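Chemist: As you go down the protein sequences, you meet chains A and B in turn.
Here the first sequence is numbered in this note's numbering, starting from 1 and rising by one per residue.
Here the second sequence is numbered in this note's numbering, starting from 1 and rising by one per residue.
Just so you know, these hints were derived from the structure itself, not from any lab.
As the structure is a prediction and not an experimental result, all values here were calculated from the model.
From the three backbone atoms N, C-alpha and C, an ideal C-beta is built for every residue, glycine too.
Heads up, some of the hints might be wrong.
[To be verified] Stretch-level coverage of chain B by chain A, calculated; a stretch enters the list once three of its residues show a Cβ under 8 Å from a Cβ in chain A: (1) 399-405; (2) 442-450; (3) 460-471; (4) 531-542; (5) 545-558.
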Amino acid sequence: MSAMGVLSQLLALVTALVLAPLLTGWVNQWRHWLQNKSGPGLLQPYRMLHKLFQKESLVAEHASQLFRMAPYVIFGCMLLAGAIVPTLSTDLPLSPAADAIALVGLFALARVFISLAAMDVGTAFGTLGARREMLVGFLAEPALLMVLFCASMITGSTSLTVIVETLAHRELAIYPSMLLAGVAFTMVSLAENARVPVDNPDTHLELTMIHEALILEYSARHLALLEWAASLKLFAYSCIGLALFFPWGVAEANAPLALLLALPVLVFKLAVGGMALAMIETVSAKMRIFRVTEFLGTAFLLAVIGLLVNVLLGVG
Amino acid sequence: MHSFTHPGDWLHLDWVLVVVCAWLLIGCAGVVALRRFRLVATVLFPAGAFFSILLMAVALSAAFAGPEVAVLPLGLPQLPFHLRLDSLSAFFLLLIGGVSAGVSTFAAGYFRKGEGTPPGLICLEYHAFLASIAMVVLADDAYVFMVVWETMAFSSFFLVMANHRIPEIRRAGYLYMLVAHIGALGILLCFGLLQANTGDYTFANMRAQHLTPFWGSVAFCLAVFGFGAKAGLLPLHVWLPEAHPAAPSPFSALMSGVMLKIALYGILRVGFDLLQTRIWWWGVLLMAVGLATALFGVVFSTVQVDMKRLLAYSSIENVGLICAGMGLSMLFAAYGMQALAALALTAALYHMISHAFFKSLLFCSTGAVLHATGERGLGKLGGLMRYMPWVAWPTLIGVLSCAGLPPFGGFVAEWLLLQSFLFTTGLPSSFLDMLVPVMAAMIALIAALGGYTMVKYFGVIFLGQPRDAKLAQAHDAGMWERLGMLWLVTGCVALGLFPNQMIALMEPVTQLLVRGGLAHTVADSGWLLVPVHIDRASYAPAIFLLGVLASFGLTYVLVRKLYHGRMRRVPPWDCGHPWQTARMQDTAEGFGQPIRQIFEPFFRMVRRLPTAFDAKPSYRVEVEDPLWHWLYVPLVSLVEKVSRLVGLLQQGRIAVYLMYSFVTLIVVLLVVK
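Just chain A, with the same shape it has in the complex (with noise of 0.2 Å):
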């Protein structure tokens, strides 16, 4: 472990906790103006966090201790998923500790915690909350494996940093089965982060809502942990796919000056994918909570197609 390494490492969690909620603000800003409205500015997020953190934690009366752990556990979950996927280097010390299975192991054990942290309090939204996380989840969870697989079968590894590392040093060519896989990891991340044609993160309708209803019992700083996660669990999900579908402009070890290029490109490349967000939340309908699965089983079935094609081809 060199000290860059624990450097490129510290700065990788510094850029995940800042950046997460200025892109979360970013998305919300564009499919303001996409829509014709003005948007609460960039910086909203940060000022939400802060009045949340501010206010005084109303709990319900028969919460149990797991309720009031489960935020910063899930915060927990989605900081070290932040500091494991390769944002700004691959010269992380943490990522051995944890390759893309561990991962997606990281990603369910966040989403049993919030869905039981939703059971706790023994409300008919939460309940139906957790049993729809749960429904995504399910399907969302093998689809995401098995994107990562995709990737792993053509590198010949699980491991993140050595996945981007060797799709960053091919020659420029379209793999069919990434091809596949994009298309599903685009789908897998829509539901997964609470995205429109799954779920409105900006309604509290008992007919659609899935992460509404999960931290409806919550408020100020525990809700602000929730939220401050979320934006993280969004980050992640799209670093994982810059760093499988997008890898170049990723330093590795011993380059310095490499670092120093990484952020501005990482900023550019946060900033196209979250247009590209904005306008697919904007041209696409809220689906019924049943269509869920058929949307989140057509990316399943790509995924696996896409691996197939793989061992077809013989890639890898």
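Assemble chain B onto chain A, guided by the hints.
Modeler: For chain B alone, coordinates are given in the frame of chain A:
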């Protein structure tokens, strides 16, 4: 051979036999103290647990020692008992000892006065079961194997029937016995083939025989059938969801945690050790059966409304996954890819031991809940975390482990399994090359569904508001029960955090069965679990846990330092709905509803919907196993038909029987001539 005067000279095998005898003695002591409840609970069961720990220690030391053999002058005159302790037996003895230590401790506080079978008798059956299980893995000839195998079946039958006054339990026991014996028939035939007409039924002789591929395949299929009946592989799983709920909880824990693994031990022993040839389609068969079983099990477990049935189906799922791992190992071994075969086998073994710990823990927790509330249906439980924290928190660890989440034992097993399924390119057949990744996808789907089930299990029982007023009187587990559960929790956590040490224990087993191992790659990687190469895949559960805990702690402290930690208790918000009752929460049926809808073709459902004019509207849905109707019911009616035809021969008149004898005589004379 060696002196018995000095205990220092004893072989590991002798120590194991000491434990077996001690268990039998404890069982007999139980019969003597038939109704002296306190003695049985506070002396005999803890003593049994002590010997379990001793067994575990012996197995740990025997894992790395060479094979030991012994011939006991028991049984029939010409057929002494041949015993052998090799690394495979040692691994399973470790599993038996580790799990039964926790379960016996739990059982010390579990049994109550005046419930079904007297406690002394349960003590006998329980310890006879443990002793016979330990003997199964030691057996080195078919004769002793069948004797102890049947002892295991009978003692477990009596334990399942502990509350025999309830008709459903009698039915479950009967079904269990029936399937167990159909399976035993398969095993017997398999041994008959393996000895290849030599008349020598020792395992050493069977290893020396080289069967033709055809007879080898028949023997293998018979073994999968026979042992699969005990393990709960499709389509012989029907007894499992009936027998597990019927048995007292500590015994359900042993059945699911240990007995199913012993059945898988049988497949390993026959398929990898006794049969010298390996054929690629044996592996594919195991994988296909395993994955079908796993998918079936997990889909059914999500829709169960009885907590023990839910766990029983989840056990079917896990057995299926283990089987898939074993199948993959067989496939690799058939093509001479030792390193990958060892990886897949390690994954299967890891899954076995971690499933043994977490599933026993979960069954123990259902026992504690059952005693505290008298309720097994998920629909009437809820909110127990407040009243039973000593049960709820250990269960949470078990649930996370069962859901295959890091950093617990279940995840390591799943991780290894996925790794072994992922790097398969290089198999000689392109068809197999395509098949294996598809199977990896199925495993991912099954694992994710397992998470769904576990959230349902924990959420509906322990979280939310109590669905019944009497739950407020639920009492927490007693001292022995807590101790037993904590032991099992320790197992789950240790399996999660120290995978390298555990894999080192499995190395001799994989060396024995597939002549390859992971220890050399694992040994010098420190905290990292590196099964193949560091650039290929790595995982460090301890660092993982530390990362989550550190960010947890830092956040907790920083939020309080930078802002404040003020909190106020208020009524729940629930979008401002004013009247909320516990009945507005999801029931177990409600939580499983999406899965019921998605996987509708899997089930046979009987729905009763209320009409608009019902004075007391009620909704009822029953989910049944379609295999029962497609396979078993026609089979039973066929058997009945055939026996009715045979019955036509029975006329009850002596003249007719004399004529039968006469006709037989004529036919025999004709044939002989």
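Chemist: Can you take a look at whether the stretch 460-471 of chain B is actually covered by chain A? Rule is 3+ residues, C-beta closer than 8 Å.
Modeler: holds (count 4)
Chemist: Is the coverage entry for the stretch 399-405 of chain B by chain A consistent with the three-residue Cβ rule at 8 Å?
Modeler: holds (count 4)
Chemist: Establish whether the coverage given for the stretch 442-450 of chain B by chain A is satisfied; the threshold is a Cβ-Cβ distance below 8 Å, and no fewer than three residues must meet it.
Modeler: holds (count 5)
Chemist: Quick check: do three or more residues in the stretch 531-542 of chain B have a beta carbon closer than 8 Å to a beta carbon of chain A?
Modeler: holds (count 7)
Chemist: Under 8 Å between beta-carbons, do enough residues of the stretch 545-558 of chain B, three at least, approach chain A for the coverage claim to hold?
Modeler: Check passed, 8 qualifying residues.
Every hint from the earlier list agrees with this structure, and none is contradicted.
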